[in-house]
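Trainee: Here is how the chains run, residue by residue.
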Amino acid sequence: SQKIEQNSEALNIQEGKTATLTCNYTNYSPAYLQWYRQDPGRGPVFLLLIRENEKEKRKERLKVTFDTTLKQSLFHITASQPADSATYLCALDSARNSGNTPLVFGKGTRLSVIA
Amino acid sequence: NAGVTQTPKFQVLKTGQSMTLQCAQDMNHEYMSWYRQDPGMGLRLIHYSVGAGITDQGEVPNGYNVSRSTTEDFPLRLLSAAPSQTSVYFCASSSGIHNSPLHFGNGTRLTVT
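These protein sequence lines map, in sequence, to chains A and B. Take the first sequence: its letter number 111 is residue 111 in this note's numbering, and every next letter is one higher. Take the second sequence: its letter number 34 is residue 34 in this note's numbering, and every next letter is one higher.
Pulled out of the complex, with its shape left as it was, chain A reads as follows (with noise of 0.2 angstroms):
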């Protein structure tokens, strides 16, 4: 069956440390991958895409890895913050190329990151 797998449903880290979430997927096999922020009580934010052809992506402190043949992306936040503290989500197209076929999301990893 179809799988989205996020690790660490949660994860603490101690201020400037280098947070990475997990995310691995089974039977997709993704054109790309999104990341996205969620906040309690608000609706999730965008961060980043990588492309398959991609092996990283960075945006200012987040770098994401995308590695088709272990089928895991990783997402790093350096010299995390705790304005950094949320739900980090993977989401992934459920279907290659094929029309309109839209996002499958992981279920989250929250982070605490701990002054």
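Watch out, some of these pointers could steer you wrong.
Partial list, computed: chain B residues near chain A (C-beta under 7 angstroms) [stated by the list, open to error]: (1) 42; (2) 45; (3) 61; (4) 62; (5) 64; (6) 101; (7) 110.
Bear in mind the hints are in silico, worked out from the structure with no lab data behind them. Computed from a predicted model, the values in this text were never measured in an experiment. Just so it is clear, CB atoms sit at the ideal spot from N, CA and C, and this is done for glycine as well.
Assemble the complex: chain A is given as a structure, and chain B must be docked to it using the hints.
Mentor: Just chain B, lined up with the frame of chain A:
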């Protein structure tokens, strides 16, 4: 720009009642979708639309109806509410189906008693 606007923010229904969750976007996006978010289940797609007059079912469509008469609006109808439909509902839009980030509203928290 308001982005994606959902109303109401909160709603309590009794079992068997019907209601419509409203969603409007002002970004001229062709693609719109409805998700529900439950603890431990993540975001699950209910229905989506790739343009006015076109809708399709997602992963969990039963008990919900949608229509898309304009580009801007994508209402979600609960025909006969059930306690299993207690959830937070999110509407999202994007400029296209592929490679396009979703813009989410801030959700409607629905409780069915």
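Trainee: When the structure is checked against the list of hints, which entries are broken? Sort them ascending.
Mentor: Structure breaks hints 3, 4, 5 and 7.
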